[in-house]
Amino acid sequence: MTLLTPRKWIGWNLLLAGLLAVAMILAMTVGEKSLFLFTHWFTHWNSLSPEERDILFVSRLPRILLAAVVGIALGSSGTAFQGLLQNSLADPYILGVSSGAALGSILSLALGLPFGLIPIVAFSSSLAAMLLVYKTASLRGQLAPHTLLLTGVILNAFLFAFILILNGLVSFEQSQKILYLLIGSLDSEEYGRIFFVGGLVLLGLVVLTLEGHALNLLTAGPDAARTLGVDPYKHRRRIFFAASLMVGAIVPLAGLIGFIGLFVPHIARRIVGPDHRLSIPASGWIGAILLIVCDTLARTVLVSSRFQTELPVGAITALVGAPFFLILLKRRPS
Amino acid sequence: MKKALVLLSALWAFLIGGYPREASAKDIQRIISFRPNVTEILFALGLGAKVVGVTDFCHYPPEVEKIERIGGYFNRRLEKILSLQPDLVVLVPDATTAKIESALKRSGIATLVLHADSIDDVYDSISKMAEANGIPEKGRSLVAQIQSQMEAKSRSALNLPKTKTLLVIQRHPLITSGDGTFLDRLLTLAGGENIAGSSKLPYPQFSMESVIARAPEVIIDFDASDPGDFWSRYDSIPAVKNQRVRHLTPDLFIPGPRLPEALDLLIENLHK
Amino acid sequence: MKEPVAVQDLHFSYGEKEILKGLSFEIRPGEILGILGPNASGKTTLIKNLAGLLTPSRGVIRIGSRELSSLPRNERARSIAFVPQGEEPFLPFSVEQIVMMGRAPYLGLWGFESEADRKKAQDAMADADVHHLRDRRFSDLSGGERQRVILARALAQEASLLLLDEPTSHLDLHYQIQLLELCARLNREQKITVVLSIHDLNLACLYGHRLLILKEGGLFALGEPRGVMTSAMIRTVYETDASIGFHTDSGLPYTLPIRLAPAKPDASAQNRGENPDSPPRYPPSG
Chain E
1 MTLLTPRKWI GWNLLLAGLL AVAMILAMTV GEKSLFLFTH WFTHWNSLSP
51 EERDILFVSR LPRILLAAVV GIALGSSGTA FQGLLQNSLA DPYILGVSSG
101 AALGSILSLA LGLPFGLIPI VAFSSSLAAM LLVYKTASLR GQLAPHTLLL
151 TGVILNAFLF AFILILNGLV SFEQSQKILY LLIGSLDSEE YGRIFFVGGL
201 VLLGLVVLTL EGHALNLLTA GPDAARTLGV DPYKHRRRIF FAASLMVGAI
251 VPLAGLIGFI GLFVPHIARR IVGPDHRLSI PASGWIGAIL LIVCDTLART
301 VLVSSRFQTE LPVGAITALV GAPFFLILLK RRPS
Chain L
1001 MKKALVLLSA LWAFLIGGYP REASAKDIQR IISFRPNVTE ILFALGLGAK
1051 VVGVTDFCHY PPEVEKIERI GGYFNRRLEK ILSLQPDLVV LVPDATTAKI
1101 ESALKRSGIA TLVLHADSID DVYDSISKMA EANGIPEKGR SLVAQIQSQM
1151 EAKSRSALNL PKTKTLLVIQ RHPLITSGDG TFLDRLLTLA GGENIAGSSK
1201 LPYPQFSMES VIARAPEVII DFDASDPGDF WSRYDSIPAV KNQRVRHLTP
1251 DLFIPGPRLP EALDLLIENL HK
Chain X
2001 MKEPVAVQDL HFSYGEKEIL KGLSFEIRPG EILGILGPNA SGKTTLIKNL
2051 AGLLTPSRGV IRIGSRELSS LPRNERARSI AFVPQGEEPF LPFSVEQIVM
2101 MGRAPYLGLW GFESEADRKK AQDAMADADV HHLRDRRFSD LSGGERQRVI
2151 LARALAQEAS LLLLDEPTSH LDLHYQIQLL ELCARLNREQ KITVVLSIHD
2201 LNLACLYGHR LLILKEGGLF ALGEPRGVMT SAMIRTVYET DASIGFHTDS
2251 GLPYTLPIRL APAKPDASAQ NRGENPDSPP RYPPSG
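Heads up: the sequence lines are chains E, L and X, in that order.
Mapping to the numbering used here: the first sequence position 163 is 163, numbers consecutive.
Numbering-wise, the numbering used here comes out as the position in the second sequence, counting from 1, plus 1000.
Numbering-wise, the numbering used here comes out as the position in the third sequence, counting from 1, plus 2000.
Derived from the structure by calculation, the hints contain no laboratory data.
These numbers were taken from a predicted model, which means no experiment stands behind them.
Where a beta carbon is used, it is the ideal one built from N, C-alpha and C, also for glycine.
Be aware that one or more of the hints could be misleading.
[Unchecked claim] Calculated pairs, DMTMM-like style, for lysine to aspartate or glutamate (alpha carbon to alpha carbon, straight line, at most 20 Å): (1) L/Lys1128 / L/Asp1117; (2) L/Lys1241 / L/Glu1217; (3) L/Lys1099 / L/Glu1079; (4) X/Lys2191 / X/Glu2224; (5) X/Lys2215 / X/Asp2140; (6) X/Lys2021 / X/Asp2249; (7) L/Lys1241 / E/Asp231; (8) L/Lys1241 / L/Glu1268; (9) L/Lys1241 / E/Glu190; (10) E/Lys330 / X/Asp2140; (11) E/Lys8 / X/Glu2216; (12) E/Lys8 / X/Asp2135; (13) L/Lys1026 / L/Asp1087; (14) L/Lys1105 / L/Asp1027; (15) L/Lys1099 / L/Asp1120; (16) L/Lys1050 / L/Glu1063; (17) X/Lys2002 / X/Asp2117; (18) E/Lys8 / X/Glu2115; (19) E/Lys234 / X/Glu2075; (20) X/Lys2215 / X/Glu2026; (21) X/Lys2021 / X/Asp2009; (22) L/Lys1164 / E/Glu52; (23) L/Lys1241 / E/Asp223; (24) L/Lys1050 / L/Glu1068; (25) L/Lys1128 / L/Asp1027; (26) L/Lys1164 / E/Glu190.
[Unchecked claim] Just a sample of chain E residues kept apart from chain L, beta carbon distances all over 12 Å, derived: (27) Ser124; (28) Leu169; (29) Val207.
In isolation and in its complexed conformation, chain E is listed as follows:
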């Protein structure tokens, strides 16, 4: 029985959200300083040193929360974009909203704007990119998949050209910063910003989940959708804005962390099925879990070695995601 029932929906969401909570708690205990810091914390609640307090609540927890928020955003918007564009190789960065955010960050960097202003400029420029894509792709009143895709790809190339030019004009140190910005990092973010972005991501997730049934119908084609009583344009517009908003909100904080948005939709579909009403929230939870695992690895794997450095989380996502996906691919022939 492949049908989605309310019971199934609630069950899966509870299970995955539960796994996410477990992942977050485990991630809190792991790090450079003392593996069982968390259990230590339980028994020595009042006698945590300020150092341990800071490690848990100023270093680890914001990072884990941000990883969860970013993972939810990338996973669920990835699924939404793949459905919207009728393309299983689409990822959340394909339509250029992320490049808009990156350009905004880099421009603020190049202009030497105060550190706190950078994400605000980046968010504004991501919104601008979103509107630009929308206006251009809906010229025929359609927002059809191939038009959106083409518009997005072109905008991406265009904005990235600006990024490359800026990279050549700035100082060496700034150009290093640009590189790290593009690679992405979840470290040292403030709670205020995390909650603000988290709120936007949650809003986007709710909208996309509500659009799940419409997305199902859209994959049958615009004609089929219309005859079943669904207005393709209205729904495509909602899906586009909700998903783009999520992406535009996280890139200013986390940079361009890759592969989650591409892999997780496939993983989620294989586990819970293609019905978007479930696959969208599911890919959100799975994205969050995967990103927390990857980030935890990134900040612990080489830390005790002679190198004592963190690895870029975007590299870990690819290293972890790819074999995992191959295993799934083998278990059920596509």
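Start from chain E and add chains L and X according to the hints.
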């Protein structure tokens, strides 16, 4: 026939390999520098008048502002370099110089390759530069001057207790300086203990957790952007709690003749 | 469909090009109407206009007394079902999931399908004879099976008007008959009005209660097969010579295109004693 072949192969060798010229010291009238620290060395040796081209990032000494620019790091303009008709190009080899080096060789322009990435390199570079320009005694005296100043300052600093320090190359994500790097060595001379000194990577990326765990007493923040209240969140770090976070401009901290000044500034900030 | 569908002076253009040039006719409730015509005569365009997928540039379509364009989308979806030519969903939905999508007009903003919805979908699958395929992946099915699944989805809409756009075009003869038999049965048992565009003149005659012939966007003829299927019509509309025969049992007409006369028999063939009317032999002898 044989003569023709010899001539032809000579021409071929010239076209491929360039005409390797070793400019003799007295012929050198026009010098181009590829690095800010190279520029400083040239001026310290009194060769400033001969410098006709510098990078976009050379700002010391102030006279340098009047000199023509040849580009930054990734975008040095070969045409500009050639149009300035230099007798000598002084460069420090890295990823950005490989192509331009071979182009210069093919054009037959003499290049002086220096290694100027560490403190010891500085003395070596000064000597080589002085030799190449026919003023070896000036080089020796400059080296001696710098060395004695460095020794004196360092001696006094090493009597004081070692200060655990975090060197911040970039704040977000946090990039610091590892064991054996120029800044690491300079810090040691200033009486500081690099909390990233056990890392064998030159520029390891640290999470804030690592910083909190290692509890530095002083933080030297070289990141060009204004820190704002970035550090105030981590008030369990001694450096933050005791307000010993120093935001310094990195321009002074390059392997060049101003080493003693840099050391001074570092010592001052470590023990204030 | 309890009410007749009235088409009045229907014009439709794609940009500058006018495809439908003033069609006026009525679809009677409970009939099977076949729409015929050469390629580019506007069959698909007409069907899509009837489905509400395209908006006429002039003229009006009425269901009973109400205009099609004024019907809210959901209501339209509950009255009219459309089966397009070929569908290629890019996600691995199962047959059951595809058919369940037919219940969309009854679900509202966001809801799950109820037990009643599930029952209706099961019934639709049984009617379209795809119930045994319900857990199979849609993309794994053959063309004929897929067509029936889409038909089942249309049936799940519980619409009283079923529009099919060239449902038999890519099917083998066996499956063409199977699909048309299915349509005929649904029409008979559930009183669903069926309008379908079709290429094959003979099949149209066998299954259509009435046939509508389009020529270059205009209505050429409308009526029962016996009345409409004439050599003259085929000559004018299809620019072909054909003879008309009649099935001995049903009396329904069928058409046989007349072959062009073979070339003048050559002397050598006659001398060899060959029959000049038989097909040429390969490799040629002699």
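Hint-by-hint comparison with the structure:
1. Restraint check for L/Lys1128 and L/Asp1117: the C-alpha separation of about 15 Å stays at or below 20 Å, so the hint holds.
2. The straight-line distance between the Cα atoms of L/Lys1241 and L/Glu1217 is roughly 9 Å, inside the 20 Å bound, and the hint therefore holds.
3. Between L/Lys1099 and L/Glu1079 the alpha-carbon distance is near 14 Å, which keeps this suggested pair within the 20 Å criterion.
4. A threshold of 20 Å between alpha carbons decides the hint, and for X/Lys2191 with X/Glu2224 the separation of about 19 Å falls inside it, so the pair holds.
5. Restraint check: the Cα-Cα separation between X/Lys2215 and X/Asp2140 comes to about 38 Å, which exceeds 20 Å; the hinted pair is violated.
6. The straight-line distance between the Cα atoms of X/Lys2021 and X/Asp2249 is roughly 38 Å, outside the 20 Å bound, and the hint therefore fails.
7. Between L/Lys1241 and E/Asp231 the alpha-carbon distance is near 59 Å, which puts this suggested pair outside the 20 Å criterion.
8. A C-alpha spacing of about 19 Å is found between L/Lys1241 and L/Glu1268, which places the hinted pair at or below 20 Å, so the restraint holds.
9. Only pairs whose Cα atoms come within 20 Å are accepted, and L/Lys1241 paired with E/Glu190 is accepted, the gap being roughly 19 Å.
10. The straight-line distance between the Cα atoms of E/Lys330 and X/Asp2140 is roughly 18 Å, inside the 20 Å bound, and the hint therefore holds.
11. Distance check on the hinted pair: E/Lys8 and X/Glu2216 sit about 53 Å apart at the alpha-carbon level, beyond 20 Å; violated.
12. Restraint check for E/Lys8 and X/Asp2135: the C-alpha separation of about 17 Å stays at or below 20 Å, so the hint holds.
13. The hinted pair formed by L/Lys1026 and L/Asp1087 meets the criterion: a straight-line CA distance of about 10 Å does not exceed 20 Å.
14. For the hint pairing L/Lys1105 with L/Asp1027, the CA-to-CA distance comes to about 18 Å; that is within 20 Å, so the pair holds.
15. The hinted pair formed by L/Lys1099 and L/Asp1120 fails the criterion: a straight-line CA distance of about 27 Å is larger than 20 Å.
16. Straight-line distance between C-alpha atoms of L/Lys1050 and L/Glu1063 comes to about 12 Å, which keeps the hinted pair within the 20 Å bound.
17. Of the supplied pair hints, the one linking X/Lys2002 and X/Asp2117 is violated, its CA atoms being roughly 23 Å apart against a limit of 20 Å.
18. A distance of roughly 14 Å separates the Cα atoms of E/Lys8 and X/Glu2115; the hinted pair therefore holds under the 20 Å criterion.
19. Taken as a hint, the E/Lys234 and X/Glu2075 pair is honoured in the structure, with Cα atoms around 18 Å apart against an allowance of 20 Å.
20. For the given pair, X/Lys2215 sits about 18 Å from X/Glu2026 by alpha-carbon distance, which is consistent with the 20 Å threshold.
21. Pair hint X/Lys2021 plus X/Asp2009 holds up; C-alpha atoms about 8 Å apart against a cutoff of 20 Å.
22. This hinted pair checks out: L/Lys1164 and E/Glu52 have alpha carbons roughly 19 Å apart, not beyond 20 Å.
23. For the hint pairing L/Lys1241 with E/Asp223, the CA-to-CA distance comes to about 65 Å; that exceeds 20 Å, so the pair is violated.
24. A threshold of 20 Å between alpha carbons decides the hint, and for L/Lys1050 with L/Glu1068 the separation of about 12 Å falls inside it, so the pair holds.
25. The straight-line distance between the Cα atoms of L/Lys1128 and L/Asp1027 is roughly 16 Å, inside the 20 Å bound, and the hint therefore holds.
26. Restraint check: the Cα-Cα separation between L/Lys1164 and E/Glu190 comes to about 26 Å, which exceeds 20 Å; the hinted pair is violated.
27. The claim that E/Ser124 is not at the interface with chain L holds, since no C-beta of that chain comes within 12 Å of its own (minimum 19 Å).
28. Some Cβ of chain L comes within 12 Å of the Cβ of E/Leu169; the nearest lies about 8 Å off, and the non-interface call is violated.
29. The non-interface label for E/Val207 is consistent with chain L: the shortest C-beta to C-beta separation is roughly 31 Å, beyond 12 Å.
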